[in-house]
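Start from the sequences and build out the full structure, keeping to the hints where you can.
Line by line, the protein sequences are chains W and Z. So the first sequence is residues 406 to 833, counted in this note's numbering. So the second sequence is residues 406 to 833, counted in this note's numbering.
Calculated from the structure, these hints are not laboratory results. Just so you know, these numbers come straight off a predicted model, no measurement behind them. All C-beta atoms in this analysis are idealised placements derived from N, C-alpha and C, irrespective of residue type, glycine included. Be careful, since some hints might not be right.
To be verified - Below, a list of computed lysine to aspartate or glutamate pairs in the EDC-like style, where the Cα atoms sit at most 20 Å apart: (1) Z:K734 - W:E742; (2) Z:K528 - W:D729; (3) Z:K556 - W:E434; (4) W:K676 - Z:D685; (5) Z:K676 - W:E578; (6) Z:K734 - W:D577; (7) W:K676 - Z:E742; (8) W:K556 - Z:E435; (9) Z:K440 - W:E738; (10) W:K734 - Z:E435; (11) Z:K438 - W:E742; (12) W:K528 - Z:D729; (13) Z:K734 - W:E435; (14) Z:K556 - W:E435; (15) W:K438 - Z:D729; (16) Z:K438 - W:E578; (17) W:K734 - Z:E434; (18) W:K734 - Z:D439; (19) Z:K574 - W:D677; (20) W:K440 - Z:E738; (21) Z:K806 - Z:D583; (22) W:K556 - Z:D630; (23) W:K556 - Z:D685; (24) Z:K676 - W:D685; (25) W:K574 - Z:E428; (26) W:K556 - Z:E428; (27) W:K438 - Z:E742; (28) Z:K676 - W:D577.
To be verified - One side only, chain Z facing chain W, incomplete, derived with CB under 8 Å: (29) R546; (30) D555; (31) T558; (32) Y594; (33) S682; (34) P711.
Number of protein chains: 2
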Amino acid sequence: MSIKIGLLGFGTVASGIPFLLQENGQKIEEAAKDKLEIAKVLVKDDAEKERLVAAGHAYNFVTDVDAILSDDDIQIVVELMGRIEPAKTFITKALEAGKHVVSANKDLIATHGKELIALAQEKGLAFYYEAAVAGGIPILRTLANSLTSDKVTRILGVLNGTSNFMMTKMVDEGWTYDAALAEAQRLGYAESDPTNDVEGIDAAYKAVILSQFGFGMTIDFEQVDHQGISTITPDDVAVAQELGYVIKLVGDIRETATGISAEVSPTFLPKDHPLASVNDVMNAVFVESIGIGESMYYGPGAGQKPTATSVTADIVRIARRLSDNTVGKPFNEFSRETRLADASDVKSHYYFAITTPDEKGQLLRLAELFNAEDISFEQVLQQKASDNQARVVIITHSMSKTQLAHITDKLSAISDMTLLNTFKVLGE
Amino acid sequence: MSIKIGLLGFGTVASGIPFLLQENGQKIEEAAKDKLEIAKVLVKDDAEKERLVAAGHAYNFVTDVDAILSDDDIQIVVELMGRIEPAKTFITKALEAGKHVVSANKDLIATHGKELIALAQEKGLAFYYEAAVAGGIPILRTLANSLTSDKVTRILGVLNGTSNFMMTKMVDEGWTYDAALAEAQRLGYAESDPTNDVEGIDAAYKAVILSQFGFGMTIDFEQVDHQGISTITPDDVAVAQELGYVIKLVGDIRETATGISAEVSPTFLPKDHPLASVNDVMNAVFVESIGIGESMYYGPGAGQKPTATSVTADIVRIARRLSDNTVGKPFNEFSRETRLADASDVKSHYYFAITTPDEKGQLLRLAELFNAEDISFEQVLQQKASDNQARVVIITHSMSKTQLAHITDKLSAISDMTLLNTFKVLGE
Numbered sequence: 406m407s408i409k410i411g412l413l414g415f416g417t418v419a420s421g422i423p424f425l426l427q428e429n430g431q432k433i434e435e436a437a438k439d440k441l442e443i444a445k446v447l448v449k450d451d452a453e454k455e456r457l458v459a460a461g462h463a464y465n466f467v468t469d470v471d472a473i474l475s476d477d478d479i480q481i482v483v484e485l486m487g488r489i490e491p492a493k494t495f496i497t498k499a500l501e502a503g504k505h506v507v508s509a510n511k512d513l514i515a516t517h518g519k520e521l522i523a524l525a526q527e528k529g530l531a532f533y534y535e536a537a538v539a540g541g542i543p544i545l546r547t548l549a550n551s552l553t554s555d556k557v558t559r560i561l562g563v564l565n566g567t568s569n570f571m572m573t574k575m576v577d578e579g580w581t582y583d584a585a586l587a588e589a590q591r592l593g594y595a596e597s598d599p600t601n602d603v604e605g606i607d608a609a610y611k612a613v614i615l616s617q618f619g620f621g622m623t624i625d626f627e628q629v630d631h632q633g634i635s636t637i638t639p640d641d642v643a644v645a646q647e648l649g650y651v652i653k654l655v656g657d658i659r660e661t662a663t664g665i666s667a668e669v670s671p672t673f674l675p676k677d678h679p680l681a682s683v684n685d686v687m688n689a690v691f692v693e694s695i696g697i698g699e700s701m702y703y704g705p706g707a708g709q710k711p712t713a714t715s716v717t718a719d720i721v722r723i724a725r726r727l728s729d730n731t732v733g734k735p736f737n738e739f740s741r742e743t744r745l746a747d748a749s750d751v752k753s754h755y756y757f758a759i760t761t762p763d764e765k766g767q768l769l770r771l772a773e774l775f776n777a778e779d780i781s782f783e784q785v786l787q788q789k790a791s792d793n794q795a796r797v798v799i800i801t802h803s804m805s806k807t808q809l810a811h812i813t814d815k816l817s818a819i820s821d822m823t824l825l826n827t828f829k830v831l832g833e
Numbered sequence: 406m407s408i409k410i411g412l413l414g415f416g417t418v419a420s421g422i423p424f425l426l427q428e429n430g431q432k433i434e435e436a437a438k439d440k441l442e443i444a445k446v447l448v449k450d451d452a453e454k455e456r457l458v459a460a461g462h463a464y465n466f467v468t469d470v471d472a473i474l475s476d477d478d479i480q481i482v483v484e485l486m487g488r489i490e491p492a493k494t495f496i497t498k499a500l501e502a503g504k505h506v507v508s509a510n511k512d513l514i515a516t517h518g519k520e521l522i523a524l525a526q527e528k529g530l531a532f533y534y535e536a537a538v539a540g541g542i543p544i545l546r547t548l549a550n551s552l553t554s555d556k557v558t559r560i561l562g563v564l565n566g567t568s569n570f571m572m573t574k575m576v577d578e579g580w581t582y583d584a585a586l587a588e589a590q591r592l593g594y595a596e597s598d599p600t601n602d603v604e605g606i607d608a609a610y611k612a613v614i615l616s617q618f619g620f621g622m623t624i625d626f627e628q629v630d631h632q633g634i635s636t637i638t639p640d641d642v643a644v645a646q647e648l649g650y651v652i653k654l655v656g657d658i659r660e661t662a663t664g665i666s667a668e669v670s671p672t673f674l675p676k677d678h679p680l681a682s683v684n685d686v687m688n689a690v691f692v693e694s695i696g697i698g699e700s701m702y703y704g705p706g707a708g709q710k711p712t713a714t715s716v717t718a719d720i721v722r723i724a725r726r727l728s729d730n731t732v733g734k735p736f737n738e739f740s741r742e743t744r745l746a747d748a749s750d751v752k753s754h755y756y757f758a759i760t761t762p763d764e765k766g767q768l769l770r771l772a773e774l775f776n777a778e779d780i781s782f783e784q785v786l787q788q789k790a791s792d793n794q795a796r797v798v799i800i801t802h803s804m805s806k807t808q809l810a811h812i813t814d815k816l817s818a819i820s821d822m823t824l825l826n827t828f829k830v831l832g833e
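This is the structure we're talking about:
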């Protein structure tokens, strides 16, 4: 006997699964306690089917999802279509038809995971999605299995390969944002509309899922602040380096006394921080906890084989649990009431880049302004920006998001000053 | 009801377990599906018992292991005594008495693991030891659970915190080996006899265990070549930096066409390799595989809380499996026939530091010597070492361990040259 699988979609990731089943078949079969067989593959239409058959793929391609859903021999459905629909409908139907589901669809799980997870629970079915966060890095199962004994206090992650590739070019080689984007698009890392990657939306999806596994709380996607990398200038990068920092787009989830907060933002990382040397398209998740202290999980965030490896690990897990008769437990069993932190409780150091008139007394004006909000300076740099303008860079001591909102409002209201950029700074 | 635990030993690590049970009790209890209770604690003698009671530890301390072994309510025995005996006898007796065992004892597991694992299997009992490799890093369970779908081709690890702390001082601050050792001893990282840490023995124990989880093969401790850091000089460190490398003590397990090889040796790491920035007492395991490609797992290699966290994760795992009725599977189920690689098949780049007379034609002599063994140079540096001696540094192209043995013999036989050091160089 073998465990029969139905694949929904046969794009890049899906076609990595046969590679693993072929190259690593014996180990997978022994771990799964059974043979895994791709019984049917859903494709869009006859044209795609013919193209794949002509390319030598000898699968049983179907164009109607019901051919998979109504096939009682298929126990596991693997969704690799991406986007919300029709993936959501197909997964729902698969669960309703009593099939275990594996997905790599972070957009879907971050925005509609709650109802799909509840449905899987109700039906006593497995719904796993290791590949949805940081592709090849086995971070979700590690949080769920190995960190059960530990209490996570903060998760910092480089969670988007495209923007990290761009930031690496901007930091190591001084490229502009536009040049880095053009190169990322040329190499196929960025889509023609790069919004999700560069504006931190993709990373925010992953932060939603990480908050569930790390903190047992379900934060909604809308509750994750996200700021992208498109406004970062070579001046910002240069001053960061001068002060001993590397700028990266970082997802940051932490628990304070009042609850959890999650955000994605360009962040100044001290150059000896383990995340600071995560470069190019690589991802990493840095975990702070009361037991282990600091640990980091590093690897490729996307790509055919890494993602297929995580998907296949999920399939193997389901197969093992079928043989153990323990299938149907939630992927993540850690769950507490969700409490969101007060903005006044979420504190960081911040970087401000401001242009002022190149006149006496400007730094004093700024000092008075920040002082009135009870924000103190840790480092200040002043440079001549042009004939009649100065550029002032401030790194503050720890301040709250409430203070950040106030000072940002005040600075924006000053007619002869321009607030160029504000970024979070990871304190030592 | 609760799950009762007997602790063997109440040293640094053991006393971290109550910390976790107190600070993270609810999460642990939910994950374990049961309350965990430390029912009895074995200590050496009445004097230790009195000292611990006086220090406020309110456990049921016993001085005879039979008080734990014969207690039918105790389901899990946690061995945290270290060394081979009496730990081996106590674990054997615990398994014979039908108790599940958790241990952090790498020396014991690397040298006598086979028989203990076999006994646990025969009795249908769990025998887990996540903390035995890289302390707080959940690497063993990750290899066993998440990398089942992947085929590991090489594992490189910074596996010993003490020697890594020393190498960090030697690399970042130019300290001598002796100065670094004195500081490590002052800080309590190194014992008064530092042999196990600095000579690569401790790391070799861990390599034995990693070979089982990563490659399914049981390599014996005696089959792991180990070379320590005591011969590394400031000259070696300086030339490594000049050529773009960082020297670290690295465990290296890989599978070649003929089988696996494992060794621990000072290794030149390219400075942008993820392992190169693993500093101080931190550990990391870098995994190369056909699916994920490159991944790395980073964290503290030792310490009370990190180690206790891994031990407690093992305990939770046993508790869960007891509630699932699936307890008794081996910690690592991946097993193949062990084949050791031919030395001629294990290839690396190498660094040679040689003093020669400061006379014409020395480099030619060396070139002829290496050429006769079919070894070619990738980089050569020649410096004046003293009035009448030159120091030649060679980095070779890829060469086998057989070639290494030959050229080392030949160089040693030359009366007017001295082979100062030979280290492995990780190629790009």
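Consistency of the hints with the structure:
no., hint, in the structure
1, Z:K734 - W:E742, "34 Å, violated"
2, Z:K528 - W:D729, "19 Å, holds"
3, Z:K556 - W:E434, "13 Å, holds"
4, W:K676 - Z:D685, "15 Å, holds"
5, Z:K676 - W:E578, "17 Å, holds"
6, Z:K734 - W:D577, "48 Å, violated"
7, W:K676 - Z:E742, "45 Å, violated"
8, W:K556 - Z:E435, "13 Å, holds"
9, Z:K440 - W:E738, "16 Å, holds"
10, W:K734 - Z:E435, "13 Å, holds"
11, Z:K438 - W:E742, "19 Å, holds"
12, W:K528 - Z:D729, "19 Å, holds"
13, Z:K734 - W:E435, "13 Å, holds"
14, Z:K556 - W:E435, "13 Å, holds"
15, W:K438 - Z:D729, "18 Å, holds"
16, Z:K438 - W:E578, "52 Å, violated"
17, W:K734 - Z:E434, "16 Å, holds"
18, W:K734 - Z:D439, "16 Å, holds"
19, Z:K574 - W:D677, "15 Å, holds"
20, W:K440 - Z:E738, "16 Å, holds"
21, Z:K806 - Z:D583, "30 Å, violated"
22, W:K556 - Z:D630, "38 Å, violated"
23, W:K556 - Z:D685, "24 Å, violated"
24, Z:K676 - W:D685, "15 Å, holds"
25, W:K574 - Z:E428, "43 Å, violated"
26, W:K556 - Z:E428, "8 Å, holds"
27, W:K438 - Z:E742, "19 Å, holds"
28, Z:K676 - W:D577, "14 Å, holds"
29, R546, "5 Å, holds"
30, D555, "5 Å, holds"
31, T558, "11 Å, violated"
32, Y594, "16 Å, violated"
33, S682, "5 Å, holds"
34, P711, "5 Å, holds"
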